[in-house]
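Novice: Sequence:
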Amino acid sequence: MVPAPHSSHAPHAFLRLERGAPATLAAQLVEQLRRAVLEGVLQPDHLLPSSRELARELGVSRNTVAAAYEALAADGTILVRARRAPVVAHVPVRAGGQSAARAQPAAAPPRLSRSARRLAAVVPPDRLDALLGGRPRSRPFGVGLPDLELLPWRIFERCLARRLRSMSAEGALHHDPRGALLLRRAVLHHAAVARGVRATVDQVFITEGSQGALDLCCRALLDPGDAAWVEESGPLALRAAVRMAGARPIAIPVDDEGLRVHVGARRAPRARVAFVSPASAFPSGARLTLPRRIELLSWAGGAGAVVVEIDYEGELRFDGSPLPSLLGLDVEGVNDRVIHVGSFSRSLFPGLRLGFMIVPPALVRAVAQVRAASTRSPPYLLQAALADFIDEGHFARHLRKLKQATRRRRDFLLAELGRVLPAAVRVRAPAGGSVLTLDLPEGSDDVAIVRALAARGVDAMPLSRGAAGRARASRAPGLILGFGAHAEPALGEAARALAAVVGEAIGAGGRRGGEGGGPERLSGRRRRRGGCRCSRRTRSRRATGWRARPPRGCRRGRAAGSPGAARRALDRRRSRGCRSR
1 MVPAPHSSHA PHAFLRLERG APATLAAQLV EQLRRAVLEG VLQPDHLLPS
51 SRELARELGV SRNTVAAAYE ALAADGTILV RARRAPVVAH VPVRAGGQSA
101 ARAQPAAAPP RLSRSARRLA AVVPPDRLDA LLGGRPRSRP FGVGLPDLEL
151 LPWRIFERCL ARRLRSMSAE GALHHDPRGA LLLRRAVLHH AAVARGVRAT
201 VDQVFITEGS QGALDLCCRA LLDPGDAAWV EESGPLALRA AVRMAGARPI
251 AIPVDDEGLR VHVGARRAPR ARVAFVSPAS AFPSGARLTL PRRIELLSWA
301 GGAGAVVVEI DYEGELRFDG SPLPSLLGLD VEGVNDRVIH VGSFSRSLFP
351 GLRLGFMIVP PALVRAVAQV RAASTRSPPY LLQAALADFI DEGHFARHLR
401 KLKQATRRRR DFLLAELGRV LPAAVRVRAP AGGSVLTLDL PEGSDDVAIV
451 RALAARGVDA MPLSRGAAGR ARASRAPGLI LGFGAHAEPA LGEAARALAA
501 VVGEAIGAGG RRGGEGGGPE RLSGRRRRRG GCRCSRRTRS RRATGWRARP
551 PRGCRRGRAA GSPGAARRAL DRRRSRGCRS R
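The numbering of the sequence shown is full-length UniProt numbering, which starts it at 1 and goes up by one.
Hints in this document: simulated from the structure, not taken from any laboratory.
Watch out, some of these pointers could steer you wrong.
To be verified - Straight line, CA to CA, 25 Å or less: simulated SDA-like cross-link-like pairs of lysine to any residue:
#1 K403 with A490
#2 K401 with L352
#3 K403 with E149
#4 K403 with D147
#5 K401 with W153
#6 K401 with F156
#7 K401 with P489
#8 K403 with P379
#9 K401 with P291
#10 K401 with D411
#11 K403 with G144
#12 K401 with E488
#13 K401 with D391
#14 K401 with P422
#15 K403 with S347
#16 K401 with L151
#17 K401 with T77
#18 K403 with S345
#19 K403 with A415
#20 K401 with G144
#21 K401 with I155
#22 K403 with G393
#23 K403 with V143
#24 K403 with A192
What the hints assert, rightly or not - Between beta-carbon pairs, the in silico distance windows are:
#25 D255 with D126: 27 to 33 Å
#26 E31 with E392: 51 to 57 Å
#27 D336 with E442: 22 to 28 Å
#28 A366 with D256: 51 to 57 Å
#29 D75 with A366: 42 to 48 Å
#30 S168 with R117: 43 to 49 Å
All residues carry an ideal CB built from backbone N, CA and C; glycine is no exception.
Could you build all of it, start to finish, from the sequences and the hints given here?
Specialist: Shown next, in the form of structure tokens:
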């Protein structure tokens, strides 16, 4: 510490400069003098010592004090004049030692724009708190999460390192708002093979995930007050993007054949945009049938609207052959009315933040202008690495592995839920995608069930709120479960936790597949099999096989605790016609 000398004529005893502190001596001096002025310790018109005098008092160099005075003069705290001592500037000070600037009551937060207020109304407070206060996590039944264990990290790392080592001036100075040409080519080839897309590379834009593509569509196509079709339980981010543009999202119901186009044509016949998920609607996984696809494109042509095809998990189709994307249909005018949106967040990992959109030729320049005025394109290095990952065949192999694992997990979870859930709960099996839904009995509080599951380390979404996060009386209670991010053991544990919570919530008596959840150990619980009330088995503590042990009070033979007595009781039951072992 370098204390200032106490003197009767110099009110600078409050100055304390500490050598070795993170801040320089000059910065410390600036901060302490400014605080003294703002708090009224140094009054306006107070003469400060010259730089030479104050440097001598503090035991520092004159340059240190001169630099501090120069900084204070620059922000108007003091006035420095040639060949005269510095003087404290006029800063309003109130009685009590607080400056007027600091004495003001806490000001109201800055006023948000209308679009920001609309967006804030869409995002639920609990969702915002989770985003701001929690660390990203992947828990069983979480929706929209991939299994990071399936990704070939070493291969992707090699692609990234190779591109970093060979970075060229073209890549370092990349400026095309559509994205890197090499990734656009790779994406187009993959979309043509996997989804039947027919387009040119000039129509492809690389975006910051699917959300970046949806936001770009809204800013390019929607005006305030316009109507836009969205699926009734569609993603929250889509509704937020529509409202951010000042447009009105019109919820259209989805059934087993996909979007109910005739309902949309009745509710909003002049909508500007229709956002649909033909390959796998959320959360049911319903596929838009071919007749409805034709009906949708016919409506769009007559209304002058654009159809935005959101292809989240179109490649994860398990039952039946997948239909081509809308851009793959041989329908007149389809290339002028459809924007295809895809993402790598669910097939690779969300942190990659890469997606793509394929726009009609007539909209390429307009969308490029909107893009050039805002975010341009994602980092070139990631785009180049992903292009190599796709071109070398790693992405296609990963997708095959991902599809096999997702189907295996779906089948396992369906069997497990059918075994442990109460009979009053209906499980809807998806034909594709990585989510399934549970229908709960009427009157069930699915929001409370979700909270109880979260306390047990299991994530889920309440079906009554839908993806929009708001409750509606017309929505039946239920749960949305994701099963793509975790292997079978974790899904099994989560299913048992789910059964316990749901059973307590709805007070169910019977269970699917019998009263028990499999063989029980020496826990006092009993498993019932066949038609005999006393055919119950338990595993011996020392033996590896099953041994019969009738319960106490059995009317067909009483058994002591010894193995011999248990065997004799079993023989008596068999002699009376009991088939149990």
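Novice: Confirm or reject each hint.
Specialist: For each hint, the structure was consulted:
{"no.": "1", "hint": "K403 with A490", "verdict": "holds, 18 Å"}
{"no.": "2", "hint": "K401 with L352", "verdict": "holds, 19 Å"}
{"no.": "3", "hint": "K403 with E149", "verdict": "holds, 14 Å"}
{"no.": "4", "hint": "K403 with D147", "verdict": "holds, 11 Å"}
{"no.": "5", "hint": "K401 with W153", "verdict": "holds, 14 Å"}
{"no.": "6", "hint": "K401 with F156", "verdict": "holds, 16 Å"}
{"no.": "7", "hint": "K401 with P489", "verdict": "holds, 19 Å"}
{"no.": "8", "hint": "K403 with P379", "verdict": "violated, 28 Å"}
{"no.": "9", "hint": "K401 with P291", "verdict": "violated, 32 Å"}
{"no.": "10", "hint": "K401 with D411", "verdict": "holds, 16 Å"}
{"no.": "11", "hint": "K403 with G144", "verdict": "holds, 15 Å"}
{"no.": "12", "hint": "K401 with E488", "verdict": "holds, 15 Å"}
{"no.": "13", "hint": "K401 with D391", "verdict": "holds, 17 Å"}
{"no.": "14", "hint": "K401 with P422", "verdict": "violated, 33 Å"}
{"no.": "15", "hint": "K403 with S347", "verdict": "holds, 10 Å"}
{"no.": "16", "hint": "K401 with L151", "verdict": "holds, 9 Å"}
{"no.": "17", "hint": "K401 with T77", "verdict": "violated, 66 Å"}
{"no.": "18", "hint": "K403 with S345", "verdict": "holds, 15 Å"}
{"no.": "19", "hint": "K403 with A415", "verdict": "holds, 18 Å"}
{"no.": "20", "hint": "K401 with G144", "verdict": "holds, 18 Å"}
{"no.": "21", "hint": "K401 with I155", "verdict": "holds, 15 Å"}
{"no.": "22", "hint": "K403 with G393", "verdict": "holds, 16 Å"}
{"no.": "23", "hint": "K403 with V143", "verdict": "holds, 16 Å"}
{"no.": "24", "hint": "K403 with A192", "verdict": "holds, 19 Å"}
{"no.": "25", "hint": "D255 with D126: 27 to 33 Å", "verdict": "holds, 30 Å"}
{"no.": "26", "hint": "E31 with E392: 51 to 57 Å", "verdict": "holds, 56 Å"}
{"no.": "27", "hint": "D336 with E442: 22 to 28 Å", "verdict": "violated, 46 Å"}
{"no.": "28", "hint": "A366 with D256: 51 to 57 Å", "verdict": "violated, 37 Å"}
{"no.": "29", "hint": "D75 with A366: 42 to 48 Å", "verdict": "holds, 46 Å"}
{"no.": "30", "hint": "S168 with R117: 43 to 49 Å", "verdict": "holds, 45 Å"}
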